[in-house]
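Engineer: Quick note, the sequences are listed as chains S and E, same order. Going left to right, the first sequence walks through residues 571 to 681 as the working numbering numbers them. Going left to right, the second sequence walks through residues 274 to 389 as the working numbering numbers them.
None of these hints come from the bench; they were simulated from the model. Watch out, some of these pointers could steer you wrong.
[Said to hold, decoys possible] Each pair of labels, with its calculated beta carbon distance range:
#, chain 1, residue 1, chain 2, residue 2, range
1, S, SER640, E, GLU329, 22 to 30 angstroms
2, E, SER299, S, ASN641, 33 to 41 angstroms
3, S, GLN588, E, SER301, 19 to 27 angstroms
4, E, ASP290, S, ARG600, 15 to 23 angstroms
[What the hints assert, rightly or not] From the structure, some residues in chain E lie toward chain S, with a derived Cβ separation under 10 angstroms:
#, residue
5, TYR309
6, GLY314
7, GLN318
8, ASP322
9, SER325
10, VAL327
11, GLY328
12, LYS331
13, ARG334
14, ILE335
15, PHE362
16, ALA364
17, ILE378
18, PHE379
Keep in mind that this is a model prediction, so the values were computed, not measured. Think of the CB as a built atom: it goes at the ideal place given N, C-alpha and C, for glycine as much as any other residue.
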Amino acid sequence: KAGVTQTPRYLIKTRGQQVTLSCSPISGHRSVSWYQQTPGQGLQFLFEYFSETQRNKGNFPGRFSGRQFSNSRSEMNVSTLELGDSALYLCASSSQGSEQFFGPGTRLTVL
Amino acid sequence: GENVEQHPSTLSVQEGDSAVIKCTYSDSASNYFPWYKQELGKGPQLIIDIRSNVGEKKDQRIAVTLNKTAKHFSLHITETQPEDSAVYFCAASKVGGAGGYNKLIFGAGTRLAVHP
Chain S
571 KAGVTQTPRY LIKTRGQQVT LSCSPISGHR SVSWYQQTPG QGLQFLFEYF SETQRNKGNF
631 PGRFSGRQFS NSRSEMNVST LELGDSALYL CASSSQGSEQ FFGPGTRLTV L
Chain E
274 GENVEQHPST LSVQEGDSAV IKCTYSDSAS NYFPWYKQEL GKGPQLIIDI RSNVGEKKDQ
334 RIAVTLNKTA KHFSLHITET QPEDSAVYFC AASKVGGAGG YNKLIFGAGT RLAVHP
């Protein structure tokens, strides 16, 4: 089986712009979770989608949003980018209630 | 709130030695504890996990132990090799139930260096 894929792998944006990141889960996995990884805050949970519904949300501002499509692919969007949004954004997929498998991440740099 | 503490933050060992990383979690409702290995430029890779109904689990050179009473769990790597060098993360989750599902709370990570 192919692993979790994320696109793009690298992204450079400027403050105030918005960005959309994409994640394709492992075939058959219906849950997709998003995490932000920074040197200062570590790995932090953003949100989880299951069957196109947001099932859980972390403590991030409303500028961070996501969605999931009927084929389980997911996107996350960050609007009005700030310098502090520079991070590695990781997507993980799982079957319900089991192990989470991570993709390689999208490295976002905000200038 | 939910919190996972991980120690040490860095660990340096000689090839062939054992390495132990310890984590403590705050939410007594946590029931699933995975360990991830992250190499430079890659996403975290699941290496072993344990559920709250099990006290110990082993997979070749890697083992994990869980003490639910003390809310501690540990990763043990025996006969370390240079390719074990990476950052290791522990995590805790409440699988199933309201507010749980697949939300992982991560420790801060341990940078392990194995010297030949």
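Engineer: Evaluate each hint against the coordinates.
Structural biologist: Quick rundown of the hints versus the structure:
Roughly 41 angstroms separates the CB atoms of SER640 of chain S and GLU329 of chain E, a value that falls outside the hinted 22 to 30 angstroms. The supplied range of 33 to 41 angstroms is met by SER299 of chain E and ASN641 of chain S, whose beta-carbon atoms lie about 37 angstroms from each other. The hint said 19 to 27 angstroms for the Cβ distance between GLN588 of chain S and SER301 of chain E, and at roughly 40 angstroms that hint is violated. The supplied range of 15 to 23 angstroms is broken by ASP290 of chain E and ARG600 of chain S, whose beta-carbon atoms lie about 42 angstroms from each other.
A cut of 10 angstroms between beta carbons decides the hint on TYR309 of chain E: the least distance to chain S is about 7 angstroms, and the hint holds. Interface hint status for GLY314 of chain E: upheld, as the beta-carbon distance to the closest one in chain S is roughly 8 angstroms, under 10 angstroms. Because the beta carbon of GLN318 of chain E sits about 7 angstroms from the nearest beta carbon in chain S, less than 10 angstroms, this interface hint is met. Interface restraint check for ASP322 of chain E: the shortest CB-CB distance to chain S comes to about 6 angstroms, inside 10 angstroms, so the restraint holds.
Checking SER325 of chain E against chain S by beta carbon gives a least distance of about 13 angstroms; that is not within 10 angstroms, so the hint is violated. Hint status for VAL327 of chain E relative to chain S: violated, with the closest Cβ pair at about 15 angstroms, above 10 angstroms. For GLY328 of chain E, the shortest C-beta to C-beta distance to chain S is roughly 19 angstroms, which exceeds 10 angstroms, and the interface hint is violated. Proximity of LYS331 of chain E to chain S is violated relative to the hint, the smallest CB-CB distance being about 17 angstroms (cut-off 10 angstroms).
Taking 10 angstroms as the C-beta contact cut-off toward chain S, the hint placing ARG334 of chain E at the interface is violated, the least distance being around 20 angstroms. The restraint placing ILE335 of chain E at the interface with chain S is violated, with a minimum CB-CB distance near 15 angstroms, outside the 10 angstroms limit. Proximity of PHE362 of chain E to chain S holds as hinted, the smallest CB-CB distance being about 7 angstroms (cut-off 10 angstroms). Contact between ALA364 of chain E and chain S, as hinted, is supported at the beta carbon level, the nearest pair being about 8 angstroms apart and thus within 10 angstroms.
Hint on ILE378 of chain E holds. Least Cβ distance to chain S is approximately 7 angstroms, under the 10 angstroms limit. Taking 10 angstroms as the C-beta cut-off, the interface hint given for PHE379 of chain E holds, the closest approach to chain S being about 4 angstroms.
Of the numbered hints given earlier, the model fails hints 1, 3, 4, 9, 10, 11, 12, 13, 14; all others are met.
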